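Assembling the complex is the task here: the two chains are given apart, and the hints tell you how they should meet.
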Amino acid sequence: MPSAWLVVARREYSEGIRSKLFLLTCVLGPVFLAAIIGFSVWAQLRGGGKVARLVLVDETQEAIGKDVAAELEAGKLGESQRFVVELAPAGADRSGLARRIEAGSLDGYLVLPDDVSAGGLAVYRGTNASSNVDMAILEHSLRTAIVHVRARALGLTAAQATALLAPVSFEARQPSADGGEVTGGAAFAVAYVISFLLYMSILLYGVTVMRSVVLEKSSRVMEVIVSCARPWDLMLGKVVGNGMLGLTQLGVWTGLAVVVSAFKAPILARFAGAGAASIVVPSIGAGQLACIVAFFLGGYFLYSSIFAAIGAANDSERDAQQAQMPVMMVLIVASMCFPIISGAPRDPLAVVLTTIPFFSPVLMPMRILITPVPAWEIALSLVTLLATIAVALWCAARIFRVGILMYGKRSTLGELVRWVRQG
Amino acid sequence: MPDAVVELRGVTKRFAAHLAVKDLSLSVPRGVIYGLLGPNGAGKTTSIRMINDIVKPDEGTITLFGSLAPGRAAQRRIGYLPEERGLYPKMTVRRVLTFLAELRGLDRTEVAPRVMRWLERLELGKWLDAKVETLSKGMQQKVQFIATVLHEPDLLILDEPFSGLDPLNADVLRAIVLEQKAAGRTILFSTHLMEHAEQLCDALCILARSERVLEGSLADVKATARDARNAYRVEIAREGGAPPAALATRPGMVVTRMPGDAHAFDVELAVGRAAGDLLRSLVDAGEEIVRFERHVPTLHEIFVDRVRRHGAGGARDGTGDA
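Quick mapping for you: the protein sequence lines, in order, are chains A and B. Going left to right, the first sequence walks through residues 1 to 423 as the numbering used here numbers them. Going left to right, the second sequence walks through residues 424 to 745 as the numbering used here numbers them.
Chain B extracted, bound-state conformation (with noise of 0.2 Å):
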């Protein structure tokens, strides 16, 4: 893909005896928010690290924004907020936001307006001048963020971004990304739930076992799982008793009621066979139909079932998160 942010290529890195990414291709296109996706200890920090040039991958070529390698000229558009966070305890919110501008190039003129300004609007203002140390820990993450995006970065990197915050600063870390998304910047995180992904994902790629197992556009690889399945979601209005005869499970047909809703199931075609033979039947049998849908399988089911496949359903604990 000639506009990709992110290019890896056949990737592979190795700690000691343990083998953390496995020949690992991806393309992460401009301005979308890509999710890095798999179980703990699948590889997705060390991608991220070899992407923020923390280590160095063994083998493979990794590009950014079209034509460079991981290094500080790189480093300048990034913005990265890594799963350990920490501050300087010992530093004012002002000299800390600073130092880390100032690390990615900033010039000390431009930092002071952008800093107040980010301050204002997480509502940490009158803290600009406090150590870090006597700010809350929900507090401590907003300057976080802030320091993230402070140099403006053509790419966010976002390792576990939701995990330890509480549900307000998920929804502020929320904002920030959807709106840096709107201003054209590129977003690529990591996460082992579905739930953030599938939110806010326009691609994602999973990883299992330090392979990848699948990548695309979340409409794609949402799209390609509808379609490996004949499955649809069946709601009808009728009083109690029974299964309708025409909902029972018969060869080419699997029928499983809907747990705690007695008028819906889930209804699993064989694969060729018509979803109208079954519509008519209902109709045909008078029941009046609430609902008849295609099944389209949520990420998280897509994502179980990938990696299951794969084999890696028990992840090893870890040798890290690596």
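Excised from the complex, chain A in its bound form (with noise of 0.2 Å):
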């Protein structure tokens, strides 16, 4: 005869694997994900799309506004132009330029002061200012004339001067778990996503609990369910009956993922260029795959059970909702942690960070996938992370005990905190 708590969790699994939600955020999760990462990319290239005209006033001596004009029209990102270039002289009347640039037959302009060689700060001002890629082809093509202006000063020919500027190529690569090594940047990708999909799960199988917790009070059918299980075997059972769900949710993105990395060549070569054939895409070691698990259940305990607590403390999902803030904006500071390490996953902020127990979920797997990390720094995180899932699961389950059965009112956290010291 199966014990309550699993014969609770069954429930939740079967019922939940049969819902619409987690059909669709097992097909739409990655799409999405994808959806955006491919809209910024593609936005960010395709920078509005159009020619962008501007005009240069040149108050240099030395003319260089051609020069700079030559460099833009030049300038091109893939197949097209992106800028047309009009020149006028230093004296240009400029409240007319903004009034043309306000009717929409102008983008901006370029004021090269006359110094500019020297130094001196040349202002672009335009409706694209805030375009990455127009403002990286300005810059650019600026800096090469001027550069040039300068070699003629030294006295280089031409030749000398491109051959100065000639590129240096440079890539950065980081070795991988399996030995091998990976593209920098690939790997930040990869740690970033999966990260990204820990806390979305966690976050969404969290408040999965809480809404189950609340929907059996306020359809009345927790009455029955306690007079034939402990509120402990309750709890327990939605914990793990949703953390099987969380587990199967995250298997069937992996399993895409082996699916789409097998196919990884064409796909990249179809979306990235031919040059993103020298991309390597990191593969994920077992023990890394083993971490990754253990940091998301662990997280998923923690943050499961605080949700199960809010949700037994309140009878109607907007009043849960409510009470469930301050937990996510544990979660969200975590997220937004991401970047300190990214940035410098050995740094002591690195290692503290991905010890504290509500952060060390979503931020351990990170580093443990960007850079090698000392297995006792992993084990400190895991039994700090261990010791608060004790504490929160028994806090937890006073606070569910009495908070099932109670009805028609809000619940303070004052008296929680008199719930979980009563028992």
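Hints may contain errors.
Unchecked claim - Once the Cα atoms are required to be at most 27 Å apart in a straight line, the calculated BS3-like pairs of lysine-lysine come out as:
{"no.": "1", "chain 1": "A", "residue 1": "K66", "chain 2": "A", "residue 2": "K50"}
{"no.": "2", "chain 1": "B", "residue 1": "K479", "chain 2": "B", "residue 2": "K513"}
{"no.": "3", "chain 1": "B", "residue 1": "K445", "chain 2": "B", "residue 2": "K513"}
{"no.": "4", "chain 1": "B", "residue 1": "K513", "chain 2": "A", "residue 2": "K20"}
{"no.": "5", "chain 1": "B", "residue 1": "K513", "chain 2": "B", "residue 2": "K554"}
{"no.": "6", "chain 1": "B", "residue 1": "K645", "chain 2": "B", "residue 2": "K445"}
{"no.": "7", "chain 1": "B", "residue 1": "K645", "chain 2": "B", "residue 2": "K604"}
{"no.": "8", "chain 1": "B", "residue 1": "K445", "chain 2": "B", "residue 2": "K479"}
{"no.": "9", "chain 1": "A", "residue 1": "K20", "chain 2": "B", "residue 2": "K479"}
{"no.": "10", "chain 1": "B", "residue 1": "K549", "chain 2": "B", "residue 2": "K560"}
{"no.": "11", "chain 1": "A", "residue 1": "K20", "chain 2": "B", "residue 2": "K445"}
{"no.": "12", "chain 1": "A", "residue 1": "K20", "chain 2": "B", "residue 2": "K554"}
What the hints assert, rightly or not - If you want the footprint, here are the derived chain B segments under chain A, 3+ residues with CB under 8 Å:
{"no.": "13", "stretch": "638 to 647"}
{"no.": "14", "stretch": "666 to 678"}
{"no.": "15", "stretch": "698 to 710"}
No lab work stands behind these hints, which were simulated from the structure alone. For clarity, every value in this text was computed on a predicted model and none was experimentally measured. Cβ atoms here follow ideal geometry from the backbone N, Cα and C, with glycine treated the same way.
As structure tokens, this is what we get:
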């Protein structure tokens, strides 16, 4: 005869896996993520997609303007020309230019001060000033033209100047767990994506536990359930059942990732151009995978027990959603630490952050994926996490036991503390 | 009582400042229908929750089935229909019934045929795989009854079972209760509606203001109440006019005419005074007697009388029918 918590867990799992939400997140999760990444890359590259018209107000003695204009008009992105340049003399009417920008017949104007080659500030004013791509091309063109002017002043020939400016090839690679090496950017991207998925999953399934408790209260099924299962069995069953659901979800996503990575070369070539063939996507080792799963489960148990207590202390979904905000903030703060970890994964700050139990479930997997982490640090982080889970489960069970039969009013924090102390 | 299915001894339960149940002792014999009666807030639901191990008593002991304390082992032998009823709206009838039966310790393979049999019997067969939320309220109530009896419990505990039921479902439930009794099971139910109690109960306990005011078999309770008064119902056949002289109020005898019936009278004799004298005087006066009987108070009258005497006539509303 199965224990009560197992029966509850089985119900949570089998109802959850039939729900539309599960199907949607399984399929749409990766699609959504890929769409976000793809769209932001595409939007960056496209940068408005049209040719920008700009006026170059040339105040220099040497008439550097026409060199800059030539560089700008030669500057291309892919197949398309980005700029059409119109030269204007030093005394050009600025307010007239501003009016043209306003009227839409001009995108912006660049003023080259007389001392620009000696370090004077060239200012661009325009509606596309926030376009990274446009501004990068603009700055690059300006730099190239001015370096040529400076080279001429030093008596170099054009060929010598070009040779001086020849690009330097550089690529960052990182040793990977399997003894090979991966492209730095790719390691970063994979770590980011996985940490983000962990963050989403912990939040999603933690909130699912909370909603499941609130539903049992609001549909009044709770009284029958607690007449045949201890509150602890009920809570444990809910946490375990939904945790298995979350693992299933991660399993489906991993499966999709394996399928996709089997076709990684043609996909990369199709979307990122021929140059992308050199990108080495990291493969995740068994040890890393075990760590990711361990931290996911730990984080999920920690947060879902808190969410279960919140659900028990409220009897409407709206109240529960308000009460969950502080807990969600903690997770959001954790996700805001992603750049700290990816920027300096071996820094003491990263070590501390990945040991804090409320942060480690999403931050430690990221660190593990980016850099080799000493075993003792992983162990310390896991032990801290487990200890916190034990405390959280204990407190949550006490709140749960009292809260599930409380109706009609929202419980204050003070009451929750009292429930925990009275037990 | 050795064969008690439920036995409470000196049970007390407090919630914060509120005393929900005070020093309650009662005993539910095997195989009977036992009514826990009382106005709202008297402590009925709290008592039932303690028997179900949903809340723990502060003082006193509860013994179930002769030897068990409230808990998992006892719960498997109890079918509980709470006052606040509900099912998972998104689950199908089959799955929700299977789940609840499994929680009570039934094996999944045993559940399926029983579910089918009960659904057929209550004319819900074709709703087996329908979601609960698509069922009417009356059908959901029937599913709830099934959930209560599916694991064939030895003890049924029904908290205000008839509240919110339409007359048809009330009959269905009454039939199930009587059938369960016939099968040798014990039924404990709470109500504040005395008509239901009078129709069903073999034994009862009246609670008021968290305390027991009366316990015993329905027959004993009624006999005691009957014997406490020397009252008679008298009906005579007579064409109009004033009441006969033999039925005039006098010292040691109070007569009230039954409202709406000119020929029926309530006669309250002083205790110790023989009814034979009254009967003889009616016969001597040449009255044709249609009815002359000892008045047995209804459970409703007994209840109102006892609860009033206990001083809880205006029951506090409440911090719940806790």
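Going down the list of hints, with the structure as the test:
1. A:K66 - A:K50: 22 Å, holds
2. B:K479 - B:K513: It is violated: about 32 Å lies between the C-alpha atoms, which goes past 27 Å.
3. B:K445 - B:K513: Distance of about 41 Å is beyond 27 Å: violated.
4. B:K513 - A:K20: 12 Å, holds
5. B:K513 - B:K554: 6 Å, holds
6. B:K645 - B:K445: 25 Å, holds
7. B:K645 - B:K604: 22 Å, holds
8. B:K445 - B:K479: Judged against 27 Å, a Cα distance of about 14 Å means the pair holds.
9. A:K20 - B:K479: 40 Å, violated
10. B:K549 - B:K560: 16 Å, holds
11. A:K20 - B:K445: Since the Cα atoms of K20 (chain A) and K445 (chain B) sit roughly 50 Å apart, the hinted pair is violated (cutoff 27 Å).
12. A:K20 - B:K554: 15 Å, holds
13. 638 to 647: violated (count 0)
14. 666 to 678: Since 0 is below three, the answer is violated.
15. 698 to 710: Check failed, 0 qualifying residues.
Hints 2, 3, 9, 11, 13, 14, 15 from the list above are not met by this structure, while the remaining hints are.
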